[in-house]
Amino acid sequence: MLGNWSFGDYFKQEAIQYSWELLTKVYRLEPSRLYVTYFEGDKNGGLEADIEAKELWKAVGVPEDHILPGNMKDNFWEMGDQGPCGPCSEIHYDRIGGRNAAHHVNQDDPNVIEIWNNVFIQYNREQDRSLKPLPNRHVDTGMGYERLVSILQNKSSNYDTDVFTPLFQTIKDITGAREYQGRFGSDDADGIDTAYRVVADHVRTLMFAISDGVLPNNEGRGYVIRRVLRRGARYARKYFGVDIGNFFSQIVPTVVEQLGDMFPELKVKQNDVMEVLDEEELAFAKTLDRGERQFENYAQQAKAKGHSKLHGADVWRLYDTFGFPVDLTRIMAEERGLQIDDAEFEGARLRAKEASKGQKKAAIETLKLDVHDLGTLEKMNDVPKTSDTAKFERGNITAQVKAIYHGKTFHTSTESVSQGEQLGIILDRTNFYAEQGGQENDTGRIVIDGQAELEVDNVQLYGGYVLHTGFMKYGSFTVGDAVISEYDELRRWPIRNNHTGTHILNFALKEVLGDGIDQKGSLVAAEKLRFDFSHKAPVTDKELEKIEEISTEYIRQNCAVYSQEIPLATARQISGVRAVFGETYPDPVRVVSVGVELDEILNNVKDPRWEKVSIEFCGGTHVQKTGDIKDLIVLEESGIAKGIRRIIAVTGEDAHKVQRVADDFKKRLDCLEAMVLTPAKEKEAKQIQVDLNQLLVSAVQKSKFRERFARINKQIIDAQKAQQKLESKMAVETITSYFQAPENQDKSWLVVNLPVSANAKAVSESLNHVKSKLPDKTVYVLATDKDQERVMHGCYVSKAIIDQGASASEWTNVVSGVLGGKAGGKGPTSIGNGVHADKVDEAINLASDYLGKFKL
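Those letters in the sequence shown? Residues -4 to 851, per our numbering, in order.
Derived by calculation from the structure, the hints in this document are not laboratory data. Possibly wrong hints are sitting among the right ones.
Okay, the calculated beta carbon distance ranges per label pair [claimed, not checked]:
| # | residue 1 | residue 2 | range |
| --- | --- | --- | --- |
| 1 | Lys380 | Gln559 | 15 to 25 angstroms |
| 2 | Glu416 | Val600 | 49 to 59 angstroms |
| 3 | Glu548 | Thr393 | 37 to 47 angstroms |
| 4 | Asn212 | Leu691 | 17 to 27 angstroms |
| 5 | Asp207 | Glu291 | 33 to 43 angstroms |
| 6 | Val600 | Gln395 | 38 to 48 angstroms |
| 7 | Lys233 | Ser570 | 53 to 63 angstroms |
| 8 | Ile797 | Lys720 | 29 to 39 angstroms |
| 9 | Ser698 | Gln718 | 26 to 36 angstroms |
In the DSSO-like style, the derived pairs of lysine-lysine whose C-alpha atoms are separated by at most 27 angstroms in a straight line are [claimed, not checked]:
| # | residue 1 | residue 2 |
| --- | --- | --- |
| 10 | Lys505 | Lys601 |
| 11 | Lys167 | Lys281 |
| 12 | Lys537 | Lys637 |
| 13 | Lys53 | Lys68 |
| 14 | Lys233 | Lys298 |
| 15 | Lys20 | Lys150 |
| 16 | Lys127 | Lys68 |
| 17 | Lys661 | Lys709 |
C-beta atoms are modelled at their ideal positions from N, C-alpha and C, and glycine is treated no differently.
Construct all of the structure, not just a fragment, from the sequences and the given hints.
Right under this line is the structure:
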């Protein structure tokens, strides 16, 4: 979409002139092929027709039979139930020409297409649905870029233009498919042309959205992106016959080559986008085959029963178990002449939501095995200890149910378990990571497609037995069942980043702080890493900066990560190897090296070069190469006990998020520093100080922000003091100059609105000046700030007036009755503050009237 805005600079006349000139003079479109619309009005809504726009179109030369009225749907734009809105005027183009095509406008005719819309924002829709004219009127113009290109290149479709042909060529090169032939609907019998269009459209959408920071997930806009990717992946697999896993990422370079000069962020984010696309595709690939098979089962069952719709519960299961977005299932159903029962689907979704409510689960204590349970397991000859070597691999595995733990006892089946109940399952082998070594457990599911599913929330290791604990979603298991063990790859992904990041951080700490530091604990979670270590003093900002620098350099080298089981005695001799002091390790022990193959290390374990390599005893999961981590940002460094320090850090996309937060905060500081001293600047400074304390960014960056804010805030305070001093001087001079004027030398009182801001100090000092220098005068002063709706006011009453019964506090309370706020004081002086700056004139009159009761 091409567009521009006018915020009060120009309105209908100029917008219509500019658009007509651009289309007919610059792009040289035939005026006879152009048709325009205007808002015809809405009697029910109390809106008149936009005759002004109609006449302006006539004025630029559009024939009256090419100017057409349009209704609220087509020619009145609103952003929502409330907010700015107004009539709009569209421009349509007739691809055929040589005829009057007015009756084809807005009729979905592919040869008469809308290419431009001018929105005239002149109203605000209020909460009660009424419309109020805006004080300033604006224009929002939008032109269909691809449609315009198709017209200028004389192509019958957007997809025939050079906007899409490079993408189609790349898709053809990757897939080996036939060339794009521009077929639609029933003419596209093999679906190949449709697949070309879907993939090209989808990859561009994904490229821009992910570059802008929208990551695929199961909520909001992130879920929209996930749906787009999965729908596109299914088209690629079905119609192009390609394996998905890195399909879209191969097209990304072509998008960047096309659009990267106009949108530089696409170049900057290219590698990140490709990585996200690959991870998402791989995650979907794990369930796509199974989901399609299950869909076929559901479709056949529906047709066998003579039904025209898929059951809503089946559609929900395709979404919940296999990750099929509903719109993807709808497309697949339509391909087989079926529909979706939306009401049944919504019912199934709500039932599942109710069954999995977090507060209900949280109230249930997680199942655990005790020593008696372990004794029982040891006696069950047909329940071997769990093989968990698959946890270091990627992808699902097939396993066999060996034991079912429910109700504190072991069962042979789950027939009696209701949906939403908790149970534990022991498999003969697993790819789930059980919580250990500081790394959190995996989550995921154990499933028999279409028959049963356990949502796995917790995985623990008990004496060699891995217990998968979770809540039953549907169906039942029996000991001996073959099941699919599926951990959540999208959760494991950041955990891997953080675990390898922990190793790199440990290495950097040793490099900066010396060999004396020892690991005292760690946590590797999806959202962060935590590392505790021995060190006598806080880590300085300079040291933290160096630690981040070394970590970043290690990550940027994109080193491969190696692991291998090595005899414990040999492993302990490796030069520079890191291990937790006092920890008991198995023999052989798993060793993880970042950047050097372990076979090379084993050739000479004493080689001093290994001191410059991250080598640790570790049973956790790791990235394949350090570049996957992207970045490591230290968020916090603190002491948790005497001689024990703690670092909290983030990696990957979470690190990029905090960097974006830091960039945004820096811009706020830039703006604050550039602002002139006003109450708005003072208010923003106070808000920034609050936000800075809560800011989640690099600890080093946060320290720099604090230093910079302190400098800016000192400038503000100094400027405030200078301004207060100046205003106090002006306030005093206003009073003294009044009484010194020859015409006022006999005057004994003054009520005045001072030429200063709502400055409490200026009011106070001016009254103190009267008290000490002009004690026989009676004065009431006000200082107003209309923008902030603040008023400072106060009075000094001379002894002569007090003797007549006047009271300073009584006087200010009279004025406060108009200005609002409070007032008070002792003796001859009283000061107040008010909130009705628009009533200052009334307050001045009241203050003057008060003195009328006394002899002056």
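To see whether the hints hold, each was checked on the structure:
1. Lys380 to Gln559: 15 to 25 angstroms: The hint (15 to 25 angstroms, Cβ to Cβ) holds, given that Lys380 and Gln559 are roughly 22 angstroms apart.
2. Glu416 to Val600: 49 to 59 angstroms: holds (52 angstroms)
3. Glu548 to Thr393: 37 to 47 angstroms: holds (42 angstroms)
4. Asn212 to Leu691: 17 to 27 angstroms: With Cβ atoms ~19 angstroms apart, the hint holds.
5. Asp207 to Glu291: 33 to 43 angstroms: holds (37 angstroms)
6. Val600 to Gln395: 38 to 48 angstroms: The hinted range 38 to 48 angstroms holds for Val600 and Gln395, with Cβ atoms some 40 angstroms apart.
7. Lys233 to Ser570: 53 to 63 angstroms: holds (54 angstroms)
8. Ile797 to Lys720: 29 to 39 angstroms: Given a distance of about 31 angstroms, which is inside 29 to 39 angstroms, the answer is holds.
9. Ser698 to Gln718: 26 to 36 angstroms: holds (30 angstroms)
10. Lys505 to Lys601: It holds: about 18 angstroms lies between the C-alpha atoms, which stays within 27 angstroms.
11. Lys167 to Lys281: holds (25 angstroms)
12. Lys537 to Lys637: Holds. Lys537 to Lys637 sits at ~22 angstroms (cutoff 27 angstroms).
13. Lys53 to Lys68: With a Cα-Cα distance of about 23 angstroms, the restraint between Lys53 and Lys68 holds, given a limit of 27 angstroms.
14. Lys233 to Lys298: holds (22 angstroms)
15. Lys20 to Lys150: The hint holds at about 21 angstroms.
16. Lys127 to Lys68: Distance ~20 angstroms between Lys127 and Lys68 Cα, so the pair holds.
17. Lys661 to Lys709: Within the cut-off at roughly 18 angstroms; holds.
No hint from the list above goes unmet by this structure.
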